[in-house]
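Chains as they are written, first to last, in numbering that gives the first Met the number 0: chain P, 0 to 303; chain S, 0 to 895.
I should point out that these hints are in silico values taken from the structure, not numbers from a laboratory.
Treat the hints loosely; a few may be bogus.
What the hints assert, rightly or not - Straight-line C-alpha distance at most 25 Å; calculated BS3-like pairs for lysine-lysine: (1) Lys721/S <-> Lys313/S; (2) Lys115/P <-> Lys245/S; (3) Lys642/S <-> Lys177/S; (4) Lys890/S <-> Lys446/S; (5) Lys383/S <-> Lys421/S; (6) Lys890/S <-> Lys278/P.
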Amino acid sequence: MTQTAMQAGEFRAAGTDLSERRRSGVSTGPLIDIAAEPDMIGMHWAADGSLRLGAFSTIAAIAADQRIAAAYPGIAASAQGLATPQIRHLATLGGNLAQRSRCWYFRNPHIACLKKGGSDCPARSGNHLYHVAFDLGPCVAPHPSTMAAALLAYDGTIATDRRSALTVGDLLGDGSNGAADNALQPGEMIKSVELPPPLQGERALYRRAISRTHAEWPLVEVCARAVVKDGTFQFVRLAAGGIAPVPLRLAAVEAALQGKTASEATIANAAEQAVVGAKPLPMTAYKLDLLKGVVKDALERLAA
Amino acid sequence: MSTMTINGKLAPLPDDPDALLVDVVRNALDLTGTKLVCGAGVCGACTVLVDGEPAVSCLMPARSAANRNITTVEGIGAARLHPVQQAFMAHDALQCGFCTPGFIIEAAAFHDAWRAAKGTAMPSREEIGAALSGHLCRCGAYDGIFRAVADACAGRFDGGDILPSRMEARDKVTGSAKYTVDIHHDGQLEGVILRSSFAHARISELDLAPARAMPGVGAAISLLGDDRIVRYVGQPIAAVAATDRKTALAAIAAIRPTGERLPSVIGLDEARRADAPIVFERSARKKAGDVSEGGGSPAPWKGNVRGPTAAFSKKPRKVRNWVGDARAANNPLLVERTFRTGTQQHACLEPHAAVARFDGDRLTVHVSTQAVFHLMELIAKRYKLDHDKVRVIADHVGGGFGSKAALGVETTTAIELAREAKAPVRVAYDRHEELSVTGYRPAAEMKIALLPSDEGELKALSLTAYADTGAATNSTIAALGRLIYPAEAKELADFDVISNLPAGAPFRGPGGPPMAFALEQAIDEAALRMNVDPIALRKRWDPDPNRQRLYDWASSLDVWRNREPPASQGGRYRRGIGVATGYWLYLWQPGSKVEVAVKGGRLIASTATQDIGTGTRTVIANTVAREFGLEPHEIEVRIGDSKLPEGPGSGGSRVTASVVPPMLLAIGQLKTAIQQNAKRKPAPGSNAPWREMLAASPDLSASAVRPEDSRPMAPGIQSPLKQAGFMGWIFGWMMRRFSNLAIGAGVPSSVQIVEVEVDTWLGHVRVVNVHTGIAIGKIVAPALARSQATGAVIQGIGYALYEAREIDTRTGDVLSGGMEDYRIPGIADTPVIDVHFDQDGFDHVLGGGVGIGEVATVPTSPAVANAIHHATGVRLTELPIRPDRLIAALKGRAAA
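Isolated chain S (complex conformation) (with noise of 0.2 Å):
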């Protein structure tokens, strides 16, 4: 038996041929700051040192370390952390942190030879790109990155311990924080999902008996519903539990489901035909997935077309009229134009994964979950337990942007596998299974008709979204388009397509990406032909006083006082400045609880959310440090277990929100109780009063529920519904009735000002710099803040320019599903970013400002395709701009 040196200890390594170092250290070793995430060499995450070089352990043969020395980030500052990890926790380096161990082995290594080569120079940003090419982060916490590496090779990080702003900055760094696919009980078993491999079928034969029949199976179950038909590839048949995943595989391909294909069709184009085979007949369409985070309303539905919903429409008849005059009369305002979108994958990290365990009646179950009790809720009702039966817990998750918020097929096949078994059980989707059927942003067609009047106001609006929501339903696209830009009348509605493809989900403001998209190119087009400053037309067309004040932050930079007119440059290279507005709404969850206690002097702050990179430890540890007038880091913030009080979902922006009223509230009736039961006050002039009557005091808690916010009085602030009149009430109502969310007043905004440079020859677009304006009140924890607007930038710069699912348009398969084919940015592609926040317009809410998360990335696609036409004075009505989307723009013919 041949041996390895892992982090200075001797280790054995496995005969078999097939096993990869990758296992041995996370499987073998239970050395789990490792993480496998795809596969495949692409994203770096499993990047351990072979002989001090970096090497990706998840295609190295564990025989090939044989006699060789392995570090892995357990072995990175064991004794004491690495000047790079302490950058890392300093700049915020990091967000869900599930790619941050891979990140600091890469970076410690270009340090240290950085340093014994340059000294305290510091890299450029070109250097440390190229030298970190081969880590992706999927939260985008480049822009950090950069920071950290730069100033530890520079050596300002060699010094003593720093505190970090996050809170469990020092777990992340050090590879210590557990994630659901770590977490290992004594007899767990690996569960298997066996999946359709037909866009379109009815099972009539499922037999398990092969599989269990299998030495080393736990169970086997069917996971078909009631009418045995899959509907697109990739849908679970049946799964498998056995002692290791190798067992588990040659167990599937034991069952052999046998029955009819059916007719199936594929995508947009073809599911609209009047010929193409209906997906769900009638009596199966609450089947159909949903692609938002809720305030669904009923439409027509015929054959594979669901929709329009038009609810918030408003004389749509007079746009049409409108529209058509000024078609016949060559009006030069009117901007009519289509636009597409891509199909954007959530690709978080950490794959969907959840492991059950059953001890008696009580179910424990770990989950990468945006939501730990609503989840406990779903399935206490789904299988019939008491809530206090159920256990959900999430410490750390590796990413969501909206496809961990439901309760999902990982989940509850490993509960009815580890209840089958009789012992726990581990699901953990492979890389294809996480880029083919967790859901995703689906594509869209949107047509647009923007017709300005002639005294220069914005007349009317027509949008209509057809989505290409695969096995769902529920896209709201130009339904957005009513709560921004008030014209005299506006057509807007929203058709989805339902087709033999995986089902949506909500991702990131459902619907807002691919709605600026349009609108805020339109809305730029309308600028060019008035000869108006595009801030100056959006800042008349748009009275939101939150947007008013970016207007006017935005036309002050002189990136944009000093631009240059539209496509005035000529040769390669072309650089163009480009903006656009974004809003989402503001949202949190009635119901939400925290509770706040003083326990052997220490404060601890509890609730029942997650966080999933977002900051959410952060901010609760900084508002209760903040009103203590204590430092972050002396808080206890227990959070990632249903078993706290009532906390929020991780969506819809709303924790922040929801969270910060209530702990107020809390933190107000505690410091009442902890001064009624003090037996002396602070010595007078303490500048730490608290600190000395909370070590005096006994154990106490309090708690509160989100309280309802208090009227606003900015003029101009008001919940954007009204907008929308009667229907915006019920939809309101509506939201709160069936999705337990508080549409708020006030709008959270975004502008974003974007400078490209366009290679004409080689189709290649780079995002040179970007200021983003974010008005969502007062920031709470400003470092994690800016992660979370930079890392939005990095995203919407992947939808603009990389990310689109690909398929095979015949047979339904996925073939993006790896990350070398579906691309998300990587750190050298990040631009400097500018962030500017602007803390006003939300003094009604308790805390005074709302969540970050899905605004800040609502306008990035259109300012680069905005920049892009700046720059070249070609439209890109499509995304991802792809080298050959722009040289098919550039030589004016269609991209195939």
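One chain only, chain P, in its complex shape (with noise of 0.2 Å):
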């Protein structure tokens, strides 16, 4: 939502986000319920195969659907990894990707912060141990939405009520607008997602790190999709959540494994790579040996 957005009202599905930002005084203009339209609701399953999910589906349906289980791997498995049971049941596909940050400062009421309409980015220059270790812009929160990280690796695309086929890059930005956490229009609402029909024989899953076992914002998070056919890869797709502003596909880890063998050497020499355009801050070097280390291992279970 951006500043004018929020000054007009800001939209609220089920409230998952907003409400804890209303409860700290962070969020204090008009809210304007989202009231569910036909075309927000349900998943649709096309003759090709693709799926339109309405943006009011939640995270936990997405979750539980045993046929994009099947179809979307990646898809389910990040929806089963992210957040809590009792906010899966509640948080909706629209409001996972059009979430504001999670970043201490901007959630301190107390704290000015490039998004709270201030002037510099307090956590760059303070403590910033949670943040970016791609520094593409100049506010330093990894973007939020794990979905998002997902409809990425399936060249997902968004309809809003005022667009169509946006890319998740079109949706959220590349990061460089620091005020904002999507490109969102003022007053522009998401209704649904397309997901493209899969690939023959591809396999994808959801890879993360975190400090306990469950129920934390990832450090490093990975929704990967691979074809293995004949030992090699015929396909690879890696995008990244927790790392930067926005999340980013690992051009430079599918190069490296284009065609090649799957193998415990190919797959170690291309999750290397997978620190390519890194730029991490004092702090957060450290997300860069989880990156490699969660990429590793989500090739090698895609290999297996």
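Fit the two chains together into the complex; they arrive one by one in their own frames, and the hints show the way.
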């Protein structure tokens, strides 16, 4: 939501992000409760095997759907991994994509920051232990949406009430606008998400690094897909979250694997490419090691 | 107006778009079983069923409950307890009980779905862990929760009612237990505190008129001290009481204090610099808080550094010489390291809270406190009231861990607002307040040098600790190194480093865990260098008889005997096994009094202590029941009220050892009185002679005060302070004189064996198995003692791996003020825990046992670190051992 949109009113779906900001006083403007239009509800499978998910689908519904688990295991696993069961039962797909940063400076009502109309990012010069390792913009908070990273891995597109077929890049921007968590226009609302048909024989998964076992914002997360045929990688697609202001495609890893033998050595070598383009902050270099580890873990599982 | 159906009844929903379901449930409908804790969907205490699915009511707009079916804990098992509720009671899957309703809701939903799909198959730990991953328990009741959910799913609690081992368990699993935050008087106002947003400032003008002028505001008061200086972000400035929280928040926002910012200094490193701004000028030093359980001693205080307190040193100059010589000679046995620990927040799930109410000149205060009686004394003294005009009540307390032992700002503020408003006032901290200004275990930097002699004995130990105490003093870390591992010479120095941060507070074994983190790793390192089994070395260096028995137990465990050589595995995942020792002092409170009475044939035991989840009610009931040959549930226990006979505070692991001996004396007297008053003796051969006598007895009562212990006869059992000679005697005298605490003979001890699995790719440590051996004498309430033991291990794992307050070192803002950023262990982080109680060693205490709370958590963090070293060959010197630190250590580079 941009500043202007907030002045007009902030959209509320299930409220699992917004309610906390209302209670703390970070969000104070008018609220617009979203009425679920028919095109925002349900899951619609097309004859070609593609899927349109209404923005009002809950994360729990996506996580539990057998057909999604079969066709898009990376989407299902991402939905199963994020937040907690009691959040997933309420939270919506649209809300997950449009949620705001979890940065501890942003969430503190007494501290000014770029996302609250301030002039600089206090995390950059302050405590950014959980922040980005790819420093791509003025704000150093990682984008919180696990589902956005998953959509990026699947070339999913987003339809709003004004535009259709937005890529994840179109929706969230490139991280250069530190004031916003997405590139939606003021008052623009996410209606649905479209997933192209999965590839023949592809496998996919979601892996992450956290300090505990469950229920934590990921330090690093990866949604990965691959088609391994005759012992070689025919197709690889990786998208990572937790490391940059927007989810990132790991193109260098993909390039290092395309057409290569699915061996331990190739995978280890390719995983090193995950940090191409990285620009860690003083406290976040560890995320690059974790990223390499998560990528290696994901690829080994896909190749197994 | 829209409505919802809640527990089968129609209820209206408010029009306010910002109203959340939890507020409607708790405030409008008074269904207080649903708890508000984190307010961010992290802890799950507010969980309710929405159309049968668990959902967080703290984030759910009340509006969206329209036309839906809501079930709260009051609606679960309303007619007959749900199998999950029965199972929680049977397995003692709860302690303070504040998280319990949320767990019950989620576990009941999981159980019902599981049974529908899988019959009576038993779910795995992983399945239970994932299903309950949205719930946090600070007491660490997870061990019992695993067993309860598994057994309920397996159909083992489908039958009739069970009698719980914890006296108040039924009230806690049904949500009917009332905590301070649940108290609601007619006309009660809500109090909110305006806090400093600067780390250091002098407030010149504080105009409360704009707040007082707002409709709905009943009182506005200043909370500034006489010097009008605030010394940390979050220090109270003023408070307002209003008809509801929203109005009170608007009112404090209308107060605009003005003043002058003063230079500030944050944290251990900055505050130690010679040119650092001074936090407490000499005249203001008495305003500093206290991080210990008592027994502070005078110390030099220069700039922001107070210390050294080094009274427990022994031939310190010799230590310096010997260590210097060993260093010069490159003695390979000299272990020298610097260890650092993080700031651990108590993170009580029930926040600090008080509800004050004046009836004429009588003051009643419900407080979430660890000390109802002492608090009554403190309130009476502060407000110049007679003891009989002040009553402090705490029926149930949602966790304390040391942070609720003093007279807190929440209590004084509630009292002062109630006095001015002439209405009852509740002050309940929000989560950010709870996780920033209510105290913490200070972070510490500890330099240790440990030198074995050529003969393999412990020759010298040097430990210097700098504690990050914020606006407080009196850290005791290094001094605790005196009372274990005797050496020829010891140099032990404690320093407080004061800075513009909130004040630290006592926390479960104050000073113990950081001391053990440094010392027990140094011992481990020495064992490796000497090529001696780490338990064998401890057995050689540590003559305490209680621990000698625990060392024998530990070294006989298969997991220890079969362990592989250190760092012998390659690959991604590596397993390791570590050991560590801990101790705590056996403390009891002189003057503790228990009354035991028979009234209408029923036994009633009364004392002004409280149960903060530790099991005090049950300890009392079990003791009385055993002496009379009855069942604990036949005993009525009256605690949590300062009107009762003077009882001990729940701190320093003192309660059991303070109440059991006088209770036994009172029971003896009561028995004599009953026999003297009996018209006829019980039938010969009766198997319930006392039951018959009690039924026929007139109303009688007896009370007794805590007696001194008898002289310990077992070899080696003595006061730990004997080791510290004359200074130890002085320390003991001061503790008794100024803190009303006696240090008894015999040392409560714990030895823990921990098995970890290290993921070297993702920097993740999983604690797989823990064996905790505990010597505290006779166990009065076995199931509850087990809960304490496992909970202490889980809290220790939090300290070892996850927990750290994070701050902005420029501004002094606490950044980890929410439960998602202050990370306590979840159920899936819980290892399999084997508890071994050694029940000897305290025969000189009437009843034969002492307290468990603190000793059980001391060794966990060094045992984890020693296990990681055993797995990887890398020594982790800084807590918590997060992925960033573990990765850096494995790569041989410094963490940020």
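Broken hints, by number: none
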